[in-house]
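> Line order of the protein sequences matches chains A and B. Numbering follows the numbering used here, with no gaps: position 70 of the first sequence is 70. Numbering follows the numbering used here, with no gaps: position 27 of the second sequence is 27.
These aren't lab readings, by the way, just hints derived from the structure by calculation. Glycine included, C-beta positions come from ideal geometry on N, C-alpha and C. Treat the hints with care, as some may be off.
As the list claims (entries may be wrong) - Just a sample of chain A residues kept apart from chain B, beta carbon distances all over 10 Å, derived:
no.	residue
1	E54
2	D78
3	D85
4	Q90
5	Q148
6	K150
7	S178
8	Y185
9	S206
10	K248
11	A251
As the list claims (entries may be wrong) - EDC-like cross-link-like pairs, simulated, lysine to aspartate or glutamate; straight-line CA separation at most 16 Å:
no.	chain 1	residue 1	chain 2	residue 2
12	B	K124	A	E218
13	A	K216	B	D125
14	B	K327	A	E245
15	A	K219	B	D125
16	A	K155	B	E198
17	A	K248	B	E324
18	A	K182	B	E247
19	A	K216	B	D143
20	B	K325	A	E245
21	A	K13	B	D295
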Amino acid sequence: MKIIVCIKQVPAKDAPLSIAGTWIKESDIGFEMNEPDSYALEEALRLKEKHGGEVAALSMGPERVKQTIKEALAKGADRGIHIADDQFAQLDPLGAARMLAEALRKENADLILTGLQSDDHGFGQTGVLVAALLDLPHATIIMQIEVQDKKMRLKRELEAGWFQHIECPLPAVLSIQSGINKVRYATLKGIMAAKKKEIAAITRESLGVKSEATQKIEKIYVPTKTKKTEFLTGTPAEMATKLVEKLKFDARVI
Amino acid sequence: MKILVITEQRQDKWNNTSFETLVAAQQIAADTGSTISALVLGKAAGKFAEDLAGKNIAEALLVEHDLLESYTPDGYCLALSQVIQSVKPDLVLFPHTYQVRDFAPKLAAMLGKGMIADCVGFRKDGDRLVLVRQMFQGKTVADVIFQGAAPWFASFQSGAFRADLLAVHPSGKVPVNKVSVELKPEQIRTKPLELFKEAKSAVDLTQAPIIVSVGRGIKAPENIPQAEALAKAIGGEMAASRPICDEGWLPMERQIGSSGQTVAPKLYLALGISGAIQHVVGMKGARTIVAINKDQNAPIFEIADYGIVGDIFELMPALTAALEKAKS
Numbered sequence: 001m002k003i004i005v006c007i008k009q010v011p012a013k014d015a016p017l018s019i020a021g022t023w024i025k026e027s028d029i030g031f032e033m034n035e036p037d038s039y040a041l042e043e044a045l046r047l048k049e050k051h052g053g054e055v056a057a058l059s060m061g062p063e064r065v066k067q068t069i070k071e072a073l074a075k076g077a078d079r080g081i082h083i084a085d086d087q088f089a090q091l092d093p094l095g096a097a098r099m100l101a102e103a104l105r106k107e108n109a110d111l112i113l114t115g116l117q118s119d120d121h122g123f124g125q126t127g128v129l130v131a132a133l134l135d136l137p138h139a140t141i142i143m144q145i146e147v148q149d150k151k152m153r154l155k156r157e158l159e160a161g162w163f164q165h166i167e168c169p170l171p172a173v174l175s176i177q178s179g180i181n182k183v184r185y186a187t188l189k190g191i192m193a194a195k196k197k198e199i200a201a202i203t204r205e206s207l208g209v210k211s212e213a214t215q216k217i218e219k220i221y222v223p224t225k226t227k228k229t230e231f232l233t234g235t236p237a238e239m240a241t242k243l244v245e246k247l248k249f250d251a252r253v254i
Numbered sequence: 001m002k003i004l005v006i007t008e009q010r011q012d013k014w015n016n017t018s019f020e021t022l023v024a025a026q027q028i029a030a031d032t033g034s035t036i037s038a039l040v041l042g043k044a045a046g047k048f049a050e051d052l053a054g055k056n057i058a059e060a061l062l063v064e065h066d067l068l069e070s071y072t073p074d075g076y077c078l079a080l081s082q083v084i085q086s087v088k089p090d091l092v093l094f095p096h097t098y099q100v101r102d103f104a105p106k107l108a109a110m111l112g113k114g115m116i117a118d119c120v121g122f123r124k125d126g127d128r129l130v131l132v133r134q135m136f137q138g139k140t141v142a143d144v145i146f147q148g149a150a151p152w153f154a155s156f157q158s159g160a161f162r163a164d165l166l167a168v169h170p171s172g173k174v175p176v177n178k179v180s181v182e183l184k185p186e187q188i189r190t191k192p193l194e195l196f197k198e199a200k201s202a203v204d205l206t207q208a209p210i211i212v213s214v215g216r217g218i219k220a221p222e223n224i225p226q227a228e229a230l231a232k233a234i235g236g237e238m239a240a241s242r243p244i245c246d247e248g249w250l251p252m253e254r255q256i257g258s259s260g261q262t263v264a265p266k267l268y269l270a271l272g273i274s275g276a277i278q279h280v281v282g283m284k285g286a287r288t289i290v291a292i293n294k295d296q297n298a299p300i301f302e303i304a305d306y307g308i309v310g311d312i313f314e315l316m317p318a319l320t321a322a323l324e325k326a327k328s
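Can you build the whole structure from these sequences, using the hints too?
In structure tokens, the structure reads:
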């Protein structure tokens, strides 16, 4: 089975964000693998362990993105594909998906996996759009994959505690729900092995994608508070006592 | 503008986020002088269309086909792309449900369009419609505008608008218009099978008056008992954000948020929870919210009544002690 996982690199979870135009100041912060995508990568590695084949990690963005591809290789992906593009953060969901789809088209993978959404833009559309552009069937919010010959039996999460099984033919695109598995850490052996693995570089120009933006972020800002928060200060013991008093006598909830 | 609202029903029940999106549509229509068509689709969805016809809209649209009995992304996209080509709306609105996430971006792409998904509000700026959505897990918001020609596609997050503000029709009912679509079985590539629920939880968090909820800040499963001691002292039930349940530190049944339970207790104590929107939609209806987090910029403080910027590992035992003392 040939599996390609689309992985995004996003600002580190605890990074202090300072807004710069319609993006953030990148020089101040660290970046990491988008957590939802790490579940997709893990699922790909498990499918390969069960059914054989190869796993490739595809990522798009500036040079720094290679670090995230290397992390995927250290965890067990066989090769990387890097669409080098410094303007990636400015693309709209359809524009980003068109680039990924063009890079994926040549690969003829059996299965393409994405995470549920990114922790930065949070568009949550990439997998569905890639499927639409490649004319492949798709399913999202997947909690279980069983491969049976040329098709899959999938467990899809619905809302309010409901699930549904569906059958989906291969090849296909799946968006993986976070929590589907327990992600592995890279081993030292894996990190050493990753150094010999190939990362193919693709330029944005070579993909020949001409895409008019369908939407534009005009401004990013810190949200205005809708509720007035009363902040308590002091030592932990003082704050605890104050809070208990507030809850008892002002809010009257305990 | 002509606004088309795509509503959602499943297993003979409304998804109530549909009505929130209808409220958004009514507010946009009032600001922009637009008309609203509200659509429902299914195998036999007539009673849902009758429901819609009683709301303050211009028309209800009913799309029925045997192949729409169960949801499939192929079936819905093929049907709705035909409807959009015949109805010719300027703006197509969806509730941002799991189902909409599954098909709406594809539907827009089939028509060469993009979608602004998961919006929390809108603003009229001259003759432009500005949509507001969150980024960086709610730490920032963005103003987003459509580019290119209509139709434009957008979805509204659950809880962004209040369903109880939905205006009914002032003089009875609007017509229900049927729109026919052509679908063939071979066009639908995925096959939906049974719907099911997993082991039902013993605890119904929706009935708990006090909830003590932990997030990533709890750091390790060994630390959960500290929060449990606090929950016991305050007489509350334990709950958690998704990552904690994904890790297996608390069972999935205790998860609050878009993929877990939605609660509105009288007191919600958020410990080390940053306040990502997927969590907040499940608890923002709480009467009193207390947030304790070491990051003063955590979005959870935006909805908190009382906030403590500090270390939960100092505050959990301090609060437990203060509660015990207050009792005696």
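> Please go over all the hints and tell whether each is borne out by the structure.
Here is what the structure says about each hint:
no.: 1; hint: E54; verdict: 25 Å, holds
no.: 2; hint: D78; verdict: 27 Å, holds
no.: 3; hint: D85; verdict: 18 Å, holds
no.: 4; hint: Q90; verdict: 12 Å, holds
no.: 5; hint: Q148; verdict: 13 Å, holds
no.: 6; hint: K150; verdict: 12 Å, holds
no.: 7; hint: S178; verdict: 6 Å, violated
no.: 8; hint: Y185; verdict: 14 Å, holds
no.: 9; hint: S206; verdict: 23 Å, holds
no.: 10; hint: K248; verdict: 7 Å, violated
no.: 11; hint: A251; verdict: 4 Å, violated
no.: 12; hint: K124(B) to E218(A); verdict: 14 Å, holds
no.: 13; hint: K216(A) to D125(B); verdict: 15 Å, holds
no.: 14; hint: K327(B) to E245(A); verdict: 12 Å, holds
no.: 15; hint: K219(A) to D125(B); verdict: 13 Å, holds
no.: 16; hint: K155(A) to E198(B); verdict: 12 Å, holds
no.: 17; hint: K248(A) to E324(B); verdict: 13 Å, holds
no.: 18; hint: K182(A) to E247(B); verdict: 7 Å, holds
no.: 19; hint: K216(A) to D143(B); verdict: 8 Å, holds
no.: 20; hint: K325(B) to E245(A); verdict: 11 Å, holds
no.: 21; hint: K13(A) to D295(B); verdict: 12 Å, holds
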